[in-house]
Amino acid sequence: DAKTTQPNSMESNEEEPVHLPCNHSTISGTDYIHWYRQLPSQGPEYVIHGLTSNVNNRMASLAIAEDRKSSTLILHRATLRDAAVYYCILKQGGSEKLVFGKGTKLTVNP
Amino acid sequence: EPEVTQTPSHQVTQMGQEVILRCVPISNHLYFYWYRQILGQKVEFLVSFYNNEISEKSEIFDDQFSVERPDGSNFTLKIRSTKLEDSAMYFCASSVGHFEKLFFGSGTQLSVL
Chain A
1 DAKTTQPNSM ESNEEEPVHL PCNHSTISGT DYIHWYRQLP SQGPEYVIHG LTSNVNNRMA
61 SLAIAEDRKS STLILHRATL RDAAVYYCIL KQGGSEKLVF GKGTKLTVNP
Chain B
1 EPEVTQTPSH QVTQMGQEVI LRCVPISNHL YFYWYRQILG QKVEFLVSFY NNEISEKSEI
61 FDDQFSVERP DGSNFTLKIR STKLEDSAMY FCASSVGHFE KLFFGSGTQL SVL
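Sequence lines, in order, name chains A and B.
Going by our numbering, the first sequence opens with residue 1, and the numbers climb by one from there.
Going by our numbering, the second sequence opens with residue 1, and the numbers climb by one from there.
Treat the hints with caution; some may be incorrect.
Claimed, not checked - Simulated DEER-style distance windows between Cβ atoms:
| hint | chain 1 | residue 1 | chain 2 | residue 2 | range |
| --- | --- | --- | --- | --- | --- |
| 1 | B | 74 | A | 23 | 35 to 43 Å |
| 2 | A | 13 | B | 52 | 46 to 54 Å |
| 3 | A | 10 | B | 78 | 21 to 29 Å |
| 4 | A | 102 | B | 64 | 22 to 30 Å |
| 5 | B | 74 | A | 56 | 33 to 41 Å |
To be verified - Simulated pairs of lysine-lysine, DSS-like, Cα-Cα distance not exceeding 30 Å:
| hint | chain 1 | residue 1 | chain 2 | residue 2 |
| --- | --- | --- | --- | --- |
| 6 | A | 3 | B | 57 |
| 7 | B | 42 | A | 105 |
| 8 | A | 69 | B | 78 |
| 9 | A | 102 | B | 42 |
| 10 | B | 83 | A | 102 |
| 11 | A | 69 | B | 83 |
| 12 | A | 97 | B | 78 |
| 13 | B | 83 | A | 97 |
| 14 | A | 3 | A | 97 |
| 15 | B | 57 | A | 69 |
| 16 | A | 102 | B | 57 |
| 17 | B | 57 | B | 78 |
| 18 | B | 42 | B | 57 |
| 19 | B | 42 | B | 83 |
| 20 | A | 69 | B | 42 |
Derived by calculation from the structure, the hints in this document are not laboratory data.
The beta carbon of each residue, even a glycine, is placed where N, CA and C say it ideally should be.
All chains should be built: construct the whole structure from the sequences, respecting the hints.
Put into structure tokens, the structure is as follows:
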């Protein structure tokens with residue numbers, strides 16, 4: 001399973017942008033980059049995913065480096081509800097499973 | 001927004017007993033999954049299910065585990081003879097397609113005593 005590296009924790013202030021980094025230097029050409037988050041006492045929740053191009057949706061933006069060896073999840077205006085563990089996951093093209101790491105615990109200060 | 005529903009939210013059982021965890025996936029979804037999370041640890045993949053058969057499973061998913069879609073709406077995980085180490089939060093998930101996002105339920109906390 002391709003490996004990702006994320007900081008253990010990050011802090012942000014409410015209504016400020018947050019950039020959550022992820023390194024995946026061993027990514028292969030068919031790996032999709034997925035981001036999920038897990039709020040306290042809840043199941044994981046899909047945030048965004050992409051292959052090569054940057055992606056935007058109502059929750060976040062995903063910026064993917066040109067060499068695809070890193071990516072950044074961008075929350076444009078953090079709210080208290082965004083406090084969660086964020087997981088960067090490489091999903092292999094031929095596999096159906098998500099391999100979760102330890103993720104980044106995001107704390108949002110009021 | 002449609003939801004994946006899991007019941008019960010909490011189940012307590014004695015070691016060696018059989019348990020069945022139940023899930024109702026989103027109605028037009030075709031892929032179904034079980035994951036688990038032992039307290040304080042990572043979320044772990046157990047099994048994926050498509051077209052009425054297991055499509056992928058992890059090393060954790062041994063002969064003690066089985067899955068079933070008995071009636072076209074429910075998706076169940078059975079543990080035949082529970083062990084203490086099976087205590088975990090079990091999450092069901094579903095997706096429209098192989099490359100699509102997964103929707104997770106809120107989980108069943110299984111406590112094996």
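Verification of the hints:
1. The beta-carbon spacing between residue 74 of chain B and residue 23 of chain A, approximately 40 Å, falls within the hinted interval of 35 to 43 Å.
2. Roughly 50 Å separates the CB atoms of residue 13 of chain A and residue 52 of chain B, a value that falls within the hinted 46 to 54 Å.
3. For residue 10 of chain A and residue 78 of chain B, the Cβ-Cβ distance of about 40 Å falls outside the hinted range of 21 to 29 Å, so the restraint is violated.
4. With their beta carbons about 27 Å apart, residue 102 of chain A and residue 64 of chain B fall inside the hinted range of 22 to 30 Å.
5. At roughly 36 Å, the beta carbons of residue 74 of chain B and residue 56 of chain A sit within the given window of 33 to 41 Å.
6. Taking the CA atoms of residue 3 of chain A and residue 57 of chain B, the gap is near 19 Å; set against the 30 Å cutoff, the hint holds.
7. A C-alpha spacing of about 13 Å is found between residue 42 of chain B and residue 105 of chain A, which places the hinted pair at or below 30 Å, so the restraint holds.
8. Annotation: proposed proximity of residue 69 of chain A to residue 78 of chain B is violated, straight-line Cα distance about 40 Å (limit 30 Å).
9. Note on residue 102 of chain A and residue 42 of chain B: the hinted pairing holds, with a Cα-Cα distance of about 6 Å set against a maximum of 30 Å.
10. For the given pair, residue 83 of chain B sits about 25 Å from residue 102 of chain A by alpha-carbon distance, which is consistent with the 30 Å threshold.
11. This hinted pair does not check out: residue 69 of chain A and residue 83 of chain B have alpha carbons roughly 41 Å apart, beyond 30 Å.
12. As the CA atoms of residue 97 of chain A and residue 78 of chain B are separated by approximately 20 Å, the hinted pair is consistent with the 30 Å bound.
13. Under the criterion of a C-alpha separation no larger than 30 Å, the hint pairing residue 83 of chain B with residue 97 of chain A is consistent with the structure, at around 24 Å.
14. Only pairs whose Cα atoms come within 30 Å are accepted, and residue 3 of chain A paired with residue 97 of chain A is accepted, the gap being roughly 14 Å.
15. A distance of roughly 28 Å separates the Cα atoms of residue 57 of chain B and residue 69 of chain A; the hinted pair therefore holds under the 30 Å criterion.
16. Between residue 102 of chain A and residue 57 of chain B the CA atoms are separated by roughly 21 Å; this keeps the pair inside 30 Å, and the hint holds.
17. Distance restraint check for residue 57 of chain B and residue 78 of chain B: the Cα-Cα separation of roughly 14 Å lies within the 30 Å cut-off, and the hinted pair is therefore satisfied.
18. With a C-alpha separation of about 17 Å, the suggested pairing of residue 42 of chain B with residue 57 of chain B holds against the 30 Å cut-off.
19. For the hint pairing residue 42 of chain B with residue 83 of chain B, the CA-to-CA distance comes to about 19 Å; that is within 30 Å, so the pair holds.
20. The straight-line distance between the Cα atoms of residue 69 of chain A and residue 42 of chain B is roughly 23 Å, inside the 30 Å bound, and the hint therefore holds.
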